[in-house]
Amino acid sequence: MKLRTVFGIAALLLVALSFGPRARAGTVKGLVKLPEGAKSTRLFQGYWRLENGNVAVQNSGGAKAETVVVLDNLKGKAPSARTVTIELGGLDARPRLVVVGPGSVLEIKNTGKVRHELSTPNTPQLMQVESLPPGGVRRQKFDAVGGYVIRDSEYPHIMISVLVCDNPYFAALDEKGAFSIAGVPEGKAVLKVWTHGHWAAEQEIDTASKDELVVKVAAPHSKSEDKEGKEGE
Amino acid sequence: MFLTKIWFFLIALALAVAVTFAVIAPRPIVQKLSVLEGQRLDRAQYAAEQMFKVDAHKWIDRVGKLGRDAIIAESLDAASRGSGESTVIHRTIQDRFRTLIPDLASGGIDVIAAVDNKGRVIARVGENDKEYGDFIGGAELIADALRGYLSDDVWGIGGKLQRVAAAPVLSKGRDRIVGAIYVGAETGSALVERLKKNLDVDVALLLKGKVIASSRAPGEVDALPELIAQHTNEIETVKRTPPLSLTVGQGKLLAVAAPFPGQAGEQQAYYALIGAQPASTSFVSLIGGTTSEDLKPKNFPWVELGAGVFLMIAIGLALQRLEVEAPIRRLRRELQKLASGDAQKIHDSKYRAHFGGLARDVNAALERFTHAPAARSEMAGKDLGAILGPSGGSTFDLPSSDSAFAAGTPAFAPPPAPAFAPPPASPGLSGPPPGALAPPPLPSFSPAPAPSFPPPTPFSASAFSATPLGGSSSSNGDAKESAAAGGGAAAVRMPWSSLPAAALDDAERQTDQEATRVVPYDPEEEEEAHYRNIFDDFMDKKRECGESTAGLTRDKFMQKLRDNKAALIEKHNCRTVRFSVYVKDGKAALKATPIRE
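From first to last, the protein sequence lines stand for chains D and X. Here the first sequence is numbered in our numbering, starting from 197 and rising by one per residue. Here the second sequence is numbered in our numbering, starting from 260 and rising by one per residue.
Hints listed in this document are in silico derivations from the structure and should not be mistaken for laboratory results.
Straight-line distance between alpha carbons at most 25 Å, and here's what the computed DMTMM-like set of lysine to aspartate or glutamate pairs gives: (1) 309(D) x 369(X); (2) 305(D) x 525(X); (3) 412(D) x 495(X); (4) 377(X) x 283(D); (5) 419(X) x 393(X); (6) 419(X) x 350(D).
Please put together the full structure from these sequences, using the hints given.
So this is what it looks like as structure tokens:
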């Protein structure tokens, strides 16, 4: 009886191994090194930025939190289409970055006291400049996969990033710039870094590798540094 | 003439260089001026940037001082904790602001606002000072201040630019942030005027592709936003544009634009510094810009210019004198010597170029007309009677020794003839003294203008008066008849053979003037011309002597001369005969001179 049971289990295991999924799921970890300017909580700097000298300054939030790592060219279940509400108030947008699946709808509510002029300047056919008065709502559907930026021409610091992904392999950075994406199937993939409203870095990776990735992001508006960043990968 | 030509060439060359310089020089000058103006604008832009930087720091300092005010700090602390009446806190802070800064406008302040630690506006002074309670913590400047930073920014809201600075407000114990204060400085026409005053350049402020303030006249810099938009790459790289050329009516402007920092930079917010550019590169426009001050002796080298012009003229005149006037004088002196018989020919080797050629031509002409000087002079000056001899028939009176036809008087007289051996003369004939032998009048190669005759009348042979040689009374015999007879012993004295000496001189001068002409030699044509001249001279002399010319026609006169010539040639076996006109006893008379060779 015992022998029969053992053989039975062995046979089941064999069958399971023969017909089960061959790809193993792993975790892609790494560190994104952002340029000094991108580490700031501000998108736009004036001439001076001085510490007060008494109370320790806080360096979290702001534009710094708008960095996401996305793995492309991998098959996986896309995030389901949904409606995401973004509140515009207090001269800020909350949240500033959303990652959604294709067909998702962005609902922008103006809860503040000022008028906003919203558009997607890089893809003007998607959202043209339209005034959003206080209390108004504007909805926009995102069907195509890609990264989109919604800007406010009156308040340029208001920047809403919309990433439409066809797989679930993405992650935001922590305060130190580290990221971890779990359940990634083995294979070749393209790691892309979205920060401050644009794809800042892109590199091909082998998800089977257990080495921790280090992705250097070049400073914006510097092509030479872009090149250096890619070479440093 | 060579040096004179060279001199004129050099002057023309210098003039061409000067004109070329005048045409070309303005262009590099204007380019240089543009470069200099561009550099000036670059320096002005750097100065403006430093000024903005200092201004920003000044605003940060001010707002930092406000944040250290105890009343404001306590009020914001209360507001942040939610303790106290918001209206009271609002008024308290407003009053404190107004106490600390009584005149916002003089300080160039648009607005001062205090926010609690959540970014809610507690109080404002200046713009919208009645509004409060709204949240502005999302603005990066305010958020930064609430994080603990003192910073500045430039906003472009509502079509206006505003330079802003914010600072955190610390609690009384200075251990936590209880709020923030921000100040907004007007950045419009007041800033433009201040920049213009400090930098001595025109200024324009741009936002979202529009000029929102400018020290230039409205509309003059409307093209600036589009121009700047074409240089976004340079702006991203070096934070400013190169000097941009801007046409405004007839003039041109140069502008250097630089972006404002902060979020306004994302809204195409620029400040442009504008200078004038030389409008035109033409010589005329540069001259048009000349002032009387530029022409004063201390600024313009009048003395040097005058000296240069004088020197050029002096050199030109000296060369002309050396190469033109001096040879002409020498040639004239030689011609005078030639005319007076002191010289036989012109020393053409002493003359260069055209003068040498002229001298050689004169010598050649002399050679040609004298041919065999000895043979010619042998016959020269003979009166017709002497030539024809006792049986030679008609002859004409000889001119007096002081006549213009006396030897050596013509301008182109042949060299003095050797001793002339006249043929034996009849005793009855009064031959002229040897010294009175005159060369024949030089032929005129260009017939003199036809005299204006009265209506022709039938020729009357009686107009000729044959005068017996030796002063015997003239018979009424026809000269033609006498000449045709060829054997008349009496010398024929023509009735018109008395011409005034002045007329003779005129004829001589005319002949002299024309003698320098070089034309192909045709004996018949030359003889015809000679006859025409003789006729003209004869007519002139007759008129001068008051004699009638009625019935005297050229053809008849010339036929008469031909007949006489034929008779004389036959008698004396000479080659030809030359006639001349002179005045004898107040009447025009003809003289014939046989020429053997």
